[in-house]
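There are 2 protein chains.
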Amino acid sequence: MTWTQQDLEDLAKSLEKSDERTFADALTPLEPGDAAEVVRTLPRPIRHVALLSLPAETAAEVLEQLPDDLAAAAVMQMDPGRAAAVVRRMKSDEEADLLQDMTPPCAEAILAKLSPDEAAAARSLIGYADDTAGGLMQTEFISVTEAMTAGDVARQLRKRATEYADYPTSYVYIVDGDGKLRGVASMREILLCDADTPVAEVASTELVTARTNLPGLELLKLFRRFRQVPVVDEADRLLGVVTHDDALRFAEDEADEEMLRLAGIAGGDEFRDMSLGQRSSRRLSWLSVNVLLNVAAASVIALYQETLQQVIALAVFLPIISDMSGCSGNQAVAVSIRELSLDRIKPKHFLWVLRKELGVGFVNGLALGILVGLAAWIWKSNATLGVLVGGALWINTLVAVSIGGLVPLLLRRFGKDPAIASSPILTTLTDMCGFFVVLGAASQCIELLR
Amino acid sequence: MTWTQQDLEDLAKSLEKSDERTFADALTPLEPGDAAEVVRTLPRPIRHVALLSLPAETAAEVLEQLPDDLAAAAVMQMDPGRAAAVVRRMKSDEEADLLQDMTPPCAEAILAKLSPDEAAAARSLIGYADDTAGGLMQTEFISVTEAMTAGDVARQLRKRATEYADYPTSYVYIVDGDGKLRGVASMREILLCDADTPVAEVASTELVTARTNLPGLELLKLFRRFRQVPVVDEADRLLGVVTHDDALRFAEDEADEEMLRLAGIAGGDEFRDMSLGQRSSRRLSWLSVNVLLNVAAASVIALYQETLQQVIALAVFLPIISDMSGCSGNQAVAVSIRELSLDRIKPKHFLWVLRKELGVGFVNGLALGILVGLAAWIWKSNATLGVLVGGALWINTLVAVSIGGLVPLLLRRFGKDPAIASSPILTTLTDMCGFFVVLGAASQCIELLR
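If you read the protein sequences in the order shown, they are chains L and A.
All residue numbers for the first sequence refer to the numbering used here, where the first residue is 2 and numbers rise by one.
All residue numbers for the second sequence refer to the numbering used here, where the first residue is 2 and numbers rise by one.
There may be inaccurate statements among the hints.
Since the list can't tell identical chains apart, any single copy or any two copies may satisfy a pair.
Said to hold, decoys possible - Cross-link-like lysine-lysine pairs, in silico, DSSO-like; alpha carbons within 27 angstroms at most:
#	residue 1	residue 2
1	Lys-14	Lys-349
2	Lys-18	Lys-347
3	Lys-14	Lys-347
4	Lys-222	Lys-14
FYI, nobody ran anything at the bench for these hints, they're computed from the structure.
Sequences are here, hints too, so could you generate the full structure?
Here it is, written out as structure tokens:
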């Protein structure tokens, strides 16, 4: 039968007060993906009990389907021995991610319960940064030696069918005696050719490979052209493969984290079930920089207190100009960040971006300036006020879209992440400029404004 | 040989002034993915010449690798007859996307050059919305009938090898006489079992299928559990499949468009090579709403002009409080949008989100309030001013994170997209509240502030 989301939630609800036995009865008949949905919906303190009620093999599959932080939290609640029995059955890259997400003492306790070989393999994968080819690859792949025939490969597949069951199976890799990658062939090509054809003949030798330290975003670009990417060491020895599945997950995580960084949340993930300290400090690390930038921008107003005192109506328009310019600028930031990430522009396309943004800024600034200027004129029956406020908004929109379009290019040029820093730099500069234009111009024609 | 990004760019540069013959010589030896990189880097007016220099089969593959809007622009520059020869060789879903991205007269001109069958097939795919299972599926898949044996399937695969070359090949679908989907088996399972085993015996009959109108985001959730999803009509007849590849593309596009909507760019895509009118109007449609909201918020300041006149220093702090509350609130918006999209929260978790946000707001608001309050106190040597400004920022941070956390839930509850509307609603409300708290409190203790 097929389970709907609602069925799975109802099941989780009914399990909230149950023992290991009931868990086992309810979860065992489910597909791993469905069981993961149930475990996810359960209250945090009993998730590990639900996992332990399953056979280790199934629990491992369920863990692979859970979000990383949630899986790590559940495993940390298990006894290390039982945790090790589950963890060693996971796919190598999932296992490494899970151990990386735990507190080091918990991870060590579990590693100590693995066999020395297993522990060494896990440690070597943990060694690669999360967002590199090494961190994304899995060490389960099908490799055969150059000397084998298509028939040999088919026999190997039949013999090791259980072991291979969860391997990515689209491709077979051909390696030489030293483990060096020599070629790749699709599984279908091999299975459908004559049994005595040497695999080396079927294989394609034009290989695109990734080194373990290749950044994830570069790796992602290869998936525009390939379905699976082999990862090799310095000596071209095959270490693992990154599958489409891994790439999809990585792309989703990256997009999410970029959104959080754009909104000013540093250090990657935030979920509301993390501790208050973690959540506060990650948000605050950026807010505290921003408050300083804000004080700097507002100090422009402090310079013109006298002007403001004489035309208090200007105080109404300062936040409007600040906020509207910020919005226009952030639109340009978003377009630049997206075009950079899609390789549609490079830092060297500075002048082209500037020209394009000035065009939009001219039109939109004019439209907004007329709207706000008219409002000012009508409100205070003062045409000069209208022209001043409207003109300032127009000019500041031009400034804002230029800065917004270009700051991400400059940050990328100097190797910084555009997502986290673009917006605060933009708002500070446009605020300062906007306040300066309005108040500076007002101080020049103060008589006309009163 | 393997081409680097730089090689491909250099090649594009050298081709900028060449004729069809030179294009053919340079591009034909490349892999389609590499050729696509070269075409992408070429100036817009000669991209279609480069494509036409290739054999139609290759040109179709190259088009599939180009971004949709770029591919459509290039094909619209071709003669409809030649365009049709290329387009009919594309994968069905890519072909439909391409035709959808063209102006209707261009698309019609090309459809008119296809055979009636081909045109009808393309039209039926164009009928499905871009972001549904129907719009994402391709109609190339391998299906066999219930009565066949594993050996029959292998023979069919060998016989139709050319046709199947670009099909997704992990799974074989088993259909009955009416085209109804009956089961699915992995290609490897079928090729490795005895030749006289009926496929129906190997196949799994526990099927998860998608209807053509299933929204893309729902479909994406299925890819957490499955590698390929068959799409069926009302009568369970198999119409197409959505592959991991399609899912990855859709996820990337969705994330990009969500980022643009969060930054206030309506109507999906914006690239800087679109026309000024398109870019201006998409950005302006949201800016013009925002300017009205801003005027509404600023009108609170207008109510308190007298208070402001007496303590002009307050004008310096109004933009700080407005901007900082906006930042804190937008962090909460981003976390809620992400948790909603990952199914970690639902609209009904209103109180839980509120509790979590109040915790963070209390801590961060206090920290920011102390910072800004101290600055005010020291600057004007007026403790009351410091307490007033700092206190207002604290209160307004609590308000901002609550609104920011909850507005996305409310919008989702009422079936609206949280990405486009959350931020403007948030900023308007927090500005109004912030201005009101500062100026209202100041008017009550005006003597202490002067």
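Which numbered hints are broken by the structure, listed smallest first? Of the numbered hints given earlier, the structure breaks none, since each of them holds.
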